[in-house]
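Protein chains: 2
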Amino acid sequence: MRNLKMKIQYDGSKYKGWQRQKVGDLTIQYKIENVLSKMTGEDIKVIGCGRTDAGVHAENYIANFHTECELSTNSMLDYLYEFLPEDIVVKSMEEVGERFHARYNVKSKTYVYKINNNKFRNVFNRKYVYQTEEHINLSDMREAAEVLIGTHDFQSFTNLKSSTKPTVRTINYINISEVNGIIEVEINGDGFLLNMVRIIVGTLLEVGLGKLKSVDVKKILDEKKRLEYGPIAKAKGLCLKEALY
Amino acid sequence: MRNLKMKIQYDGSKYKGWQRQKVGDLTIQYKIENVLSKMTGEDIKVIGCGRTDAGVHAENYIANFHTECELSTNSMLDYLYEFLPEDIVVKSMEEVGERFHARYNVKSKTYVYKINNNKFRNVFNRKYVYQTEEHINLSDMREAAEVLIGTHDFQSFTNLKSSTKPTVRTINYINISEVNGIIEVEINGDGFLLNMVRIIVGTLLEVGLGKLKSVDVKKILDEKKRLEYGPIAKAKGLCLKEALY
Numbered sequence: 001m002r003n004l005k006m007k008i009q010y011d012g013s014k015y016k017g018w019q020r021q022k023v024g025d026l027t028i029q030y031k032i033e034n035v036l037s038k039m040t041g042e043d044i045k046v047i048g049c050g051r052t053d054a055g056v057h058a059e060n061y062i063a064n065f066h067t068e069c070e071l072s073t074n075s076m077l078d079y080l081y082e083f084l085p086e087d088i089v090v091k092s093m094e095e096v097g098e099r100f101h102a103r104y105n106v107k108s109k110t111y112v113y114k115i116n117n118n119k120f121r122n123v124f125n126r127k128y129v130y131q132t133e134e135h136i137n138l139s140d141m142r143e144a145a146e147v148l149i150g151t152h153d154f155q156s157f158t159n160l161k162s163s164t165k166p167t168v169r170t171i172n173y174i175n176i177s178e179v180n181g182i183i184e185v186e187i188n189g190d191g192f193l194l195n196m197v198r199i200i201v202g203t204l205l206e207v208g209l210g211k212l213k214s215v216d217v218k219k220i221l222d223e224k225k226r227l228e229y230g231p232i233a234k235a236k237g238l239c240l241k242e243a244l245y
Numbered sequence: 001m002r003n004l005k006m007k008i009q010y011d012g013s014k015y016k017g018w019q020r021q022k023v024g025d026l027t028i029q030y031k032i033e034n035v036l037s038k039m040t041g042e043d044i045k046v047i048g049c050g051r052t053d054a055g056v057h058a059e060n061y062i063a064n065f066h067t068e069c070e071l072s073t074n075s076m077l078d079y080l081y082e083f084l085p086e087d088i089v090v091k092s093m094e095e096v097g098e099r100f101h102a103r104y105n106v107k108s109k110t111y112v113y114k115i116n117n118n119k120f121r122n123v124f125n126r127k128y129v130y131q132t133e134e135h136i137n138l139s140d141m142r143e144a145a146e147v148l149i150g151t152h153d154f155q156s157f158t159n160l161k162s163s164t165k166p167t168v169r170t171i172n173y174i175n176i177s178e179v180n181g182i183i184e185v186e187i188n189g190d191g192f193l194l195n196m197v198r199i200i201v202g203t204l205l206e207v208g209l210g211k212l213k214s215v216d217v218k219k220i221l222d223e224k225k226r227l228e229y230g231p232i233a234k235a236k237g238l239c240l241k242e243a244l245y
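In order, the protein sequences belong to chains A and B.
UniProt numbering applies: residue 1 is where the first sequence begins, and numbers increase by one.
UniProt numbering applies: residue 1 is where the second sequence begins, and numbers increase by one.
To be clear, the hints were calculated from the coordinates, so they are not data collected in a lab.
No residue lacks a Cβ here, since even glycine has one placed at the ideal position from N, Cα and C.
Each hint should be verified, as a subset may be incorrect.
Short derived list, chain B residues pointing at chain A, Cβ under 7 Å [what the hints assert, rightly or not]:
1) GLN9
2) LEU84
3) ASP87
4) ARG126
Isolated chain A, as found in the complex:
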C-alpha cells in the first residue's frame, strides 16, 4: 500500500471548508477524494492536516492518502490538474512512509491573515483580503499579540461547543507586518481550535482599532470562556500558509 503526501493550494471562496460533511458536498476534501477515487478505482479517503473554515484559503495545505494504484506521482498530478476545479491545485506529491499521517504528525501550522488598510479595496485581491480603511495601530496589536504567545488554554478563543476536548494550545509566534497598506498577521502554533485564528485576529484588530487594550486580551484569555468581545474576523482574509512536520 502506497502512502502519498500532497501539497495543495486552494481558493476557498466558494467552499464550505476543507472537511467533507457528506458525499457530494462543496468541500475541498470531497472534491479531491472524488477525483482520486475515479483515478484509482478505489474508495480514497484523504487525511488533511486540519480543518479550514468555509471561505478560508490555503497556499500549502498538506494531506495524504493510501492507494494500491501504481501510477507515477507525476501522472497522478497531471490527472488531478485536469479534473479538479480551477480553484484547487495539487502542487506536488511524494511517497512517504506508511506511518505518515497528515493530521497526527503535524508539528505546527502557519496562518496568514491579510488586511487591506488602504482607503479603497484592490479589485485584484479583493477575494483574499479583508478591507478596512479605519486606522489600525500596529504597535498596540503587537503588544496584545504578546499576551497570546506561549502555551495557554484558548477556550476564550474558540467557538468549539463541546468543552470535553482539550483546549490548551501553543502559539509560537505572531508576526504583524505592513507593506503598502497591506497588513499581514502571521500566526504559527502547534494546533488551532475551531475558528481560533479568526477570533485571535478579530480580537487583535479590536485592539488595533482602539476598542480593546492588551490588558483586556489578557482578561479574555484568563476568563477561559468565549465572551462577547473579540469578533470573528471574516474568513476570506485567512490563508493556511504552511504545515510543518
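Starting from the structure of chain A, add chain B where the hints point.
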C-alpha cells in the same frame, strides 16, 4: 463646468471591455456613467483614455467627465466606491483644466501581459494571468520584440476591419522579464490598434515557443496585413498599467 479626471482600477473578467456599446450593457464605461449620472442628476458622458478589449483589466485607467455637480471630489469618490460593483474602483479624482481630454491628450500607454510559465496555475491569480507550462525562450522573444520597437505601420498586428484609419503607431519599448516563473511583457506605445497588444504578445509567444523566428516577425510587419500566424493572446493576461499625459 468642472472637468474631472479619474484613475480607475478594474477587473475586466466579466465585462465586454471599456467602451459602452448600448445603454445598460456590461461595460466599464456604462457602469461608471450610470453611477455618475445618478450622483449628479445629469446625463454624464465619460471620456476614456482608450478602449480595452473584453476581459482585459486595468490598474490605472484614466478617464474624464464634465459636470455642474458641486460635490467635493472626495465625496464623489465615496459615492462611486459605494455604488460601483466590487470589480471597479475609482482610485482617485482631480480637477483638471477644461481642455483636458483623456483620449486626445494621452501621450503613451503601458500595458503588461502576464504569463505563468510554471507547471501548474496559481489559483490566486488565475483570472489575471495566462497559463502555459511550455518552455518559453525569453531571449528569442526579446530579439523579436526589437523588430517592433519604433514607428511602423502595424496593419499586420490588428484585427481592425476598416483600412481607412491610420495604422502607424510608435512603440517606445517592450520589456520582457521573469520572476519565479511569471513572465511579464510590458509594452509602451503612443497608441494601440484594435487587439494590437494581444496580437503582438501572441506573436512574440510564438517566437518564445520556437514556432516563429524574429525574421518572421519582420516579414509579418512588412506584409502590412493581418496574416494567419501570430494568434491573439488571451485577454485575461492583459492589464493596462498606466496612461501618460
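| So which of the earlier hints does this model not fit? | 2
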